[in-house]
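**Q** Following the UniProt record's numbering, the numbering of the sequence shown begins with 1 at its first residue and continues without gaps.
To be clear, the hints were calculated from the coordinates, so they are not data collected in a lab.
Don't take every hint at face value.
[Said to hold, decoys possible] Pair by pair, the computed Cβ-Cβ distance ranges are:
id, residue 1, residue 2, range
1, Arg752, Asn718, 21 to 29 Å
2, Glu679, Val869, 45 to 53 Å
3, Ala534, Arg860, 27 to 35 Å
A virtual CB, placed ideally from N, CA and C, is assigned to each residue, including glycine.
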Amino acid sequence: MSSSLTLISAGAGSGKTYHITHLLKDELASGRIRPQAVIATTFTRKAASELIERVRSTLAEQGHFDLTAELCQSLIGTVNSVCGQLLSRYALHAGLSPRLRVLDEQASLLLFRQALDGAMSDDQIDRLNRLSERLGIEDWRREVQTLVNLARSNAIDPTRLAGFAKANAEALLAFFPPQTGQDLTAQLLDAVQQGIHGISGNEDSTKTTADYLDLLQKVLPRLSAGHLPWSEWVKLSKEKAAKRSEPLAQAVRDVAIQFDTHPQLQEELRQYLQEVFATACEALTIYQEDKNQRGLIDFVDQEHRVLHLLDLPEVAEDLRQEMDLLLVDEFQDTSPLQLAIFLKLMRLVKKTVWVGDVKQAIYGFRGCDPELMKAVVANLRQMGGRLDILPYSYRSQPGLVKLTNALFVPAFSDILKAEEVALQPSRPEMDALAAVEFWSLPGRNVNLQAQALAGEIARLLEHRPQVSDKKTGQLRPLQPGDIAILCRTNDNVQVQAEALQQTGIPVSIGRPGLLATPETRLSLACLRRLHSPADSLASAEILLLCRPQPIEQILQDRMQWLASEEPARNWKTTGNQSDPILAELQAQHHQLEVLAPAEALDLAIGIGDVEQQCHAWGPTPQRARQRLANLEQLRVLACQYQDFCGQSGLAATVAGLLLWLEQLAQAQQDCCASDAGTESVAVLTHHGAKGLEWPLVILCDLHHLFDGGAWEMRALSNGAQLDLHDPLAERFLHFWPWPFGRQKKGIAIADRVAASSVALQAQTRQQAEALRLLYVSMTRARDQLILALPQKHSSYAWLDLLQADWLRPADPALTLPNGESVPASVRQCAPQEDVRPAEQQRLSLPWFAGRVPHRPRPARDLSPSALPVPAGARIGRILPLGKRLAINGQPEMDQLGTLLHNLITAEFSSPGNGTEARHIEQALVRNQLRGVIASTDAIHIPQRLRDFLKQQFSATAFYPEWPIRYTLPSGQQLSGWIDLLVDTPNGWLIIDHKSFPGAQSDWQQQALKYAGQLVGYRQAMLASSQRPVCGCWIHFCIGAGMVEVLSD
1 MSSSLTLISA GAGSGKTYHI THLLKDELAS GRIRPQAVIA TTFTRKAASE LIERVRSTLA
61 EQGHFDLTAE LCQSLIGTVN SVCGQLLSRY ALHAGLSPRL RVLDEQASLL LFRQALDGAM
121 SDDQIDRLNR LSERLGIEDW RREVQTLVNL ARSNAIDPTR LAGFAKANAE ALLAFFPPQT
181 GQDLTAQLLD AVQQGIHGIS GNEDSTKTTA DYLDLLQKVL PRLSAGHLPW SEWVKLSKEK
241 AAKRSEPLAQ AVRDVAIQFD THPQLQEELR QYLQEVFATA CEALTIYQED KNQRGLIDFV
301 DQEHRVLHLL DLPEVAEDLR QEMDLLLVDE FQDTSPLQLA IFLKLMRLVK KTVWVGDVKQ
361 AIYGFRGCDP ELMKAVVANL RQMGGRLDIL PYSYRSQPGL VKLTNALFVP AFSDILKAEE
421 VALQPSRPEM DALAAVEFWS LPGRNVNLQA QALAGEIARL LEHRPQVSDK KTGQLRPLQP
481 GDIAILCRTN DNVQVQAEAL QQTGIPVSIG RPGLLATPET RLSLACLRRL HSPADSLASA
541 EILLLCRPQP IEQILQDRMQ WLASEEPARN WKTTGNQSDP ILAELQAQHH QLEVLAPAEA
601 LDLAIGIGDV EQQCHAWGPT PQRARQRLAN LEQLRVLACQ YQDFCGQSGL AATVAGLLLW
661 LEQLAQAQQD CCASDAGTES VAVLTHHGAK GLEWPLVILC DLHHLFDGGA WEMRALSNGA
721 QLDLHDPLAE RFLHFWPWPF GRQKKGIAIA DRVAASSVAL QAQTRQQAEA LRLLYVSMTR
781 ARDQLILALP QKHSSYAWLD LLQADWLRPA DPALTLPNGE SVPASVRQCA PQEDVRPAEQ
841 QRLSLPWFAG RVPHRPRPAR DLSPSALPVP AGARIGRILP LGKRLAINGQ PEMDQLGTLL
901 HNLITAEFSS PGNGTEARHI EQALVRNQLR GVIASTDAIH IPQRLRDFLK QQFSATAFYP
961 EWPIRYTLPS GQQLSGWIDL LVDTPNGWLI IDHKSFPGAQ SDWQQQALKY AGQLVGYRQA
1021 MLASSQRPVC GCWIHFCIGA GMVEVLSD
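Make the full structure from the sequences, and use the hints.
**A** What follows is the structure in structure tokens.
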């Protein structure tokens, strides 16, 4: 099976894309593989597009134009794209429609959240909320989502989840001591009450005791109710009072320290695991049923179905005959399910190439399993798979290559040989910048450290040292876009970005929180007010954000308006205190009938002058640009919502958009715009830097080392040996919830778990992943790597994983263990003292003269009746048709007009069919118009019109309800129906029926109202038929007359 397998080890910056491109080109040009027989998967769409274009260009340069054209027949794309193409090709075998409706990741996430809500009763939600509060679990929904993702990506049957809950509970509770038979809750309540009473009367006025008393008073109500979180039990077991009150505190500690023997704690842990796993199973079932009902599949469904599809003998044989090459890029980042697919495909194709780098397997938190991948690669190599190594670094300057070799060859020595880690530099030496710098950051907290870092970057940009241009290789001055700051957490990313923005440095950052920004809040407030004129909260938010008016004044004005008994919806829209934005939003409310949600959002942003507000808020040009970029991101999300509705078969509404955006925010999927480019410093997480590079890279949070140990949720293999034919066999979901919230130290259970083999194995896995992440981060720099080291820390746990004691601040050179030296320097960063408040930095904007009245954007689709009367419209001939139709009583004229219109249409569509007097009488009865007109009179209306048209214009054919669609010069789409289109020897006649009952003297004025509509019909017919229109007429079917409408 593995005799055709080649593994290509591509270290960071080793020219992987170039190598893959030329590998494909050589195989195609030599005829060893056929274009239509290639399957190649990449990690991203961008990588797939780049690979296709590079291969095409390379083939074309060598004159292989036939291969260039045929390359479109290959299956090159992301794993999900390739799976989708395979399912479309073998849809009948898979029992699917060839036209699959596939949910993207965002749509599937939101659909699952809806399924999760639908899977749970109010009682279940209450139980999980109560258990989560007691156990200190912040978001049980996120844990359910993680369980579901792990189960699906490991092809675990949902019916096995209940067994996992029981196994996890038994394994975790084995570390707890035997349950006590005492009523610990009652004992602790008594000790707390005695402590409060005793301390209150013992005249102990020390701050320590005052704080302790405050703690007791806070826990008492929840303890009395039986709802005190277990983290508070832990806290009470450790807190002390001053000497005078210490005996009372000791009594509390003596009871609280027994928390781990409390029967209720152990039972609640068991219940929580049962509830979470059961909820995951139920939600998965409902989610799948919901997709089946709507005819949808998501990315994971695609992978599951392809995995089963490959087991069908006829499909396997077909692929064996058709496919020559399977190429997998970034193989180390594949999920267990994708890995199983690749192993099956590998047995069917003639040649397999896996390209990647196990040192860069950093997506364990997304469900990838580096340990499983490592075992698969080891097995394949033992069975004859060949290993090729890309030996050169084309990215980094020589000093950086030497540094990473010295650090990571020994760090990975337990799993990789030296030649599989070390790279040889290909770039020339660079004297403009030291390869590595150590920045010493002052400050007692992360905010002050971020300010110091921002100040040093400002000074760096002021001096503009020389960096190497990637495209030309020439030296040029440093730009903001040449710098990247990598942080360990999203919270630290935000702190660092804010410090840079305060310093006036432009920032590129894509982080959650778009809906919390002022520009988005104003936009959505305008949209809510446009949607519902009675939304007083939206009105108040608009006034608060746009007008220098305190909230108290807004509330007072609102209460006074309500007291005046004026309509609530008219607040601030009429009279002297009318607000122009609120008034215009109310005036444009009717537009929602014809606007899509994204168009309604655009209208609301325009009416609210949100873009002008973004400039006015500033406080710097860069920040204003970021605000405008956030508006564009909001528009993108609105379009994505409409796509989601199209995928899901749902109606897209403004209310639905608002709810969808809230769900995105709850799932932390509402990312702000990333203003990437040469003018912005990139700030992102270490994980987010994968696949990217910059001249200067600053590594932050090197003291931070995540150590979840056995408390981290993971998918594991229970089997002793890996089965390459079924790598997903014996997969198990490990989940031990930490029940003590933020209390981490001094807990005996934690110590016992930490000493277990389960925890030690987990710690080894986590440290290995942290080491791989450090490798990825350190290899992002082309010219200079900067290690930002806070002065308050004496050690750096993450950096210490390298066990490189020699990696310490050095100037002018860092000596490596082999005796070589790398240019280095040290900077003592000063606190940033010149950060002015935003109000002082606010820009003067003299070019805004004031609020420009909103001009509504023209609607894309127009009805002919909406066209204005043209300036040159006038009346031509007026010709009588006979006796006017007699009407009895005062009927609803719209209803009567519709009946007459249908009567004329029926007669001209099928003469004599349905227009007999008895049929007309039946129609009058159905429309409650019996006795209003005589059926014998009505039957003559279409007959006399036909006779008139034949006699007056020599009409040869009649086309009732003729559809038209025409693009106006403005780009708007005009669509509608001509009541009656008549063919004559001289051209077309356009006739519009009207049931106007007025006198003949009013016909001219009435007919001119429809001149715009008739002109629209005329233009559409001229454009579509290339025949002249010889007349446009209004047919007054009640008054019995024809009026010609002329225009220039």
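**Q** All the hints need checking, so say for each whether the structure fits it.
**A** Results for each hint:
Distance hint for Arg752 and Asn718: a CB-CB separation of about 22 Å, consistent with the stated range 21 to 29 Å. Between Glu679 and Val869 the CB atoms are about 51 Å apart, so this pair conforms to the stated range of 45 to 53 Å. Roughly 28 Å separates the CB atoms of Ala534 and Arg860, a value that falls within the hinted 27 to 35 Å.
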